[in-house]
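**Student:** Turn these sequences into a full structure, and let the hints steer you where they fit.
Sequential numbering from 4 applies to the sequence shown in our numbering.
Just so you know, the hints here were simulated from the structure itself, not pulled from any lab data. Careful, some of the hints might be misleading.
Heads up, simulated DSS-like pairs for lysine-lysine below, C-alpha to C-alpha not over 25 Å straight-line [said to hold, decoys possible]:
1. Lys57 to Lys175
2. Lys330 to Lys133
3. Lys52 to Lys64
4. Lys269 to Lys36
5. Lys89 to Lys143
6. Lys296 to Lys313
7. Lys147 to Lys127
8. Lys64 to Lys80
9. Lys64 to Lys258
10. Lys57 to Lys269
11. Lys302 to Lys269
12. Lys143 to Lys36
13. Lys276 to Lys52
14. Lys346 to Lys313
15. Lys276 to Lys299
16. Lys138 to Lys36
17. Lys34 to Lys64
18. Lys147 to Lys276
19. Lys258 to Lys302
20. Lys89 to Lys147
21. Lys138 to Lys175
22. Lys175 to Lys302
23. Lys127 to Lys276
24. Lys356 to Lys314
25. Lys80 to Lys127
26. Lys313 to Lys57
27. Lys254 to Lys34
28. Lys57 to Lys36
29. Lys314 to Lys276
30. Lys127 to Lys138
31. Lys64 to Lys269
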Amino acid sequence: MKTAWTRALGATVIALALAAVTSAQDLPALKVKAIGLNSNTVASDIDEKTFWTKTIPEASKGRISADFVPIDQSGIKDFQIARISKLGATDFAAGDISKLAGDDPVFEGCDLAGLALDIRTARKACEAWKPVMAKVLEEKFGTKLLAIGTNPPQVFWCRVPLSGVADLRGKKVRVFNKTMTDFINAVGGTTVSLPFGEVVPALQRGVVDCAVTGTLSGNTAGWPEVTTHLYPLYMGWSINYQSVTLPSWQKFDAKARDFFVDQFRKLEDTMWKTGTAAVADAENCNFGKDPCKMGKKAKMTLVQVSDSDKKRHRELMENVVLTNWGKRCGRECAQRWNDTVGKVVNLRIPVDKI
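**Tutor:** What follows is the structure, encoded as structure tokens:
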């Protein structure tokens, strides 16, 4: 015999299911355009692709669909995505947040080279800095920030042998943001800025000796075929963002906006979970171990990060990377960082030196 509690629970479940159906049916019919992250990243291949081609259509009961394309298949350069969004060429757009630093250094604030040495800290740091980035994104690009996610840690892939950070001196190293440039210059290396898709031929031709990218994105893009040594001295996480242009957002009715806010909140959690799983999987894949589910088995040589390298890493982070970024961002920005991200990572920018 069913108890009153059981009947009430069943009625609640049915009511919630009916409410979900009703809510989806009440959504306007929309066809949106979305430009995503680089297709070689797990955030795009596993999360974004599913989100736009399956999750959104199913959750909206077919009312909302999208023309989705990863940025490397769109003909657009990474650093151009926010400007393209501002021009109204797409409704939704995603990108590496640090690629916006050329327009405003604030976007480097939660992903400075060596700031977070584990993924949990990386998320906490970016959640603390998220309101600051959201405000600047709206003011400068007319774009609303909907979610932030991550890739596995950004490390060194080298086509030449090395034993530690000292061996980066004199090396030509591919980087993709200013904070990495600060670090490489400080250890005596020369930086080369290259789009992700141009790195493999650059390594093949010897244009660069080493290149920085994620432990899994490098694997899936074939970097083990043109490099031999992997040095896991973390240079950040390639934090990514998901956004919608304000003109598009303002055209959506309230039900559609609520729908997207809820879906992107779920996507954000999914991306961080995928990133966490990818950290361990990449370690296995790059060194020929099981399980290797997201990448391809390779036989990279692991260059251990010594205690002295860890100490040097920390010193450069505190004395060079943080201070240089603080100067680019300004005193007020640096103080805001100290009050937010700084408290998460237990670091402080010397505002008196800016």
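**Student:** It remains to establish, for every hint, whether it holds in the given structure.
**Tutor:** Taking the hints in turn, this is what the structure says about them:
1. Proposed proximity of Lys57 and Lys175 is contradicted: the alpha carbons are some 42 Å apart, above 25 Å.
2. Of the supplied pair hints, the one linking Lys330 and Lys133 holds, its CA atoms being roughly 20 Å apart against a limit of 25 Å.
3. At roughly 18 Å between alpha-carbon atoms, Lys52 and Lys64 fall within 25 Å of each other, so this suggested pair holds.
4. A distance of roughly 20 Å separates the Cα atoms of Lys269 and Lys36; the hinted pair therefore holds under the 25 Å criterion.
5. Proposed proximity of Lys89 and Lys143 is supported: the alpha carbons are some 9 Å apart, at most 25 Å.
6. Restraint check for Lys296 and Lys313: the C-alpha separation of about 30 Å exceeds 25 Å, so the hint is violated.
7. Between the alpha carbons of Lys147 and Lys127 the distance comes to roughly 20 Å, so the proposed pair stays at or under 25 Å and holds.
8. Restraint check for Lys64 and Lys80: not satisfied, since their Cα atoms lie roughly 34 Å apart, outside the 25 Å limit.
9. Between the alpha carbons of Lys64 and Lys258 the distance comes to roughly 14 Å, so the proposed pair stays at or under 25 Å and holds.
10. Among the hinted pairs, Lys57 with Lys269 is consistent with the structure: their alpha-carbon atoms are about 14 Å apart, no more than 25 Å.
11. Of the supplied pair hints, the one linking Lys302 and Lys269 is violated, its CA atoms being roughly 36 Å apart against a limit of 25 Å.
12. Distance restraint check for Lys143 and Lys36: the Cα-Cα separation of roughly 21 Å lies within the 25 Å cut-off, and the hinted pair is therefore satisfied.
13. Note on Lys276 and Lys52: the hinted pairing holds, with a Cα-Cα distance of about 16 Å set against a maximum of 25 Å.
14. Proximity of Lys346 to Lys313 is assessed by CA-CA distance (about 21 Å); at most 25 Å being required, the pair is judged to hold.
15. In summary, the hint linking Lys276 to Lys299 is supported, as the alpha carbons are separated by about 20 Å, within the 25 Å threshold.
16. With a C-alpha separation of about 23 Å, the suggested pairing of Lys138 with Lys36 holds against the 25 Å cut-off.
17. Taken as a hint, the Lys34 and Lys64 pair is honoured in the structure, with Cα atoms around 13 Å apart against an allowance of 25 Å.
18. Taking the CA atoms of Lys147 and Lys276, the gap is near 23 Å; set against the 25 Å cutoff, the hint holds.
19. About 51 Å separates the Cα atoms of Lys258 and Lys302, which puts this hinted pair outside 25 Å; it is violated.
20. For the proposed pair Lys89 and Lys147, the alpha carbon gap of about 11 Å is at most 25 Å, so the pair holds.
21. A hinted pair counts as satisfied when its Cα atoms are at most 25 Å apart, and Lys138 with Lys175 does not qualify at roughly 36 Å.
22. Straight-line distance between C-alpha atoms of Lys175 and Lys302 comes to about 23 Å, which keeps the hinted pair within the 25 Å bound.
23. Distance check on the hinted pair: Lys127 and Lys276 sit about 14 Å apart at the alpha-carbon level, within 25 Å; holds.
24. Between the alpha carbons of Lys356 and Lys314 the distance comes to roughly 22 Å, so the proposed pair stays at or under 25 Å and holds.
25. The hinted pair formed by Lys80 and Lys127 fails the criterion: a straight-line CA distance of about 29 Å is larger than 25 Å.
26. Simply put, Lys313 and Lys57 have alpha-carbon atoms about 43 Å apart, too far for the 25 Å limit, and the pair is violated.
27. For the proposed pair Lys254 and Lys34, the alpha carbon gap of about 12 Å is at most 25 Å, so the pair holds.
28. Proximity of Lys57 to Lys36 is assessed by CA-CA distance (about 15 Å); at most 25 Å being required, the pair is judged to hold.
29. Distance check on the hinted pair: Lys314 and Lys276 sit about 29 Å apart at the alpha-carbon level, beyond 25 Å; violated.
30. Taking the CA atoms of Lys127 and Lys138, the gap is near 18 Å; set against the 25 Å cutoff, the hint holds.
31. Of the pairs offered as hints, the one joining Lys64 and Lys269 holds, with about 17 Å between alpha carbons and a cut-off of 25 Å not exceeded.
Against the hints set out earlier in the document, violations occur for numbers 1, 6, 8, 11, 19, 21, 25, 26 and 29.
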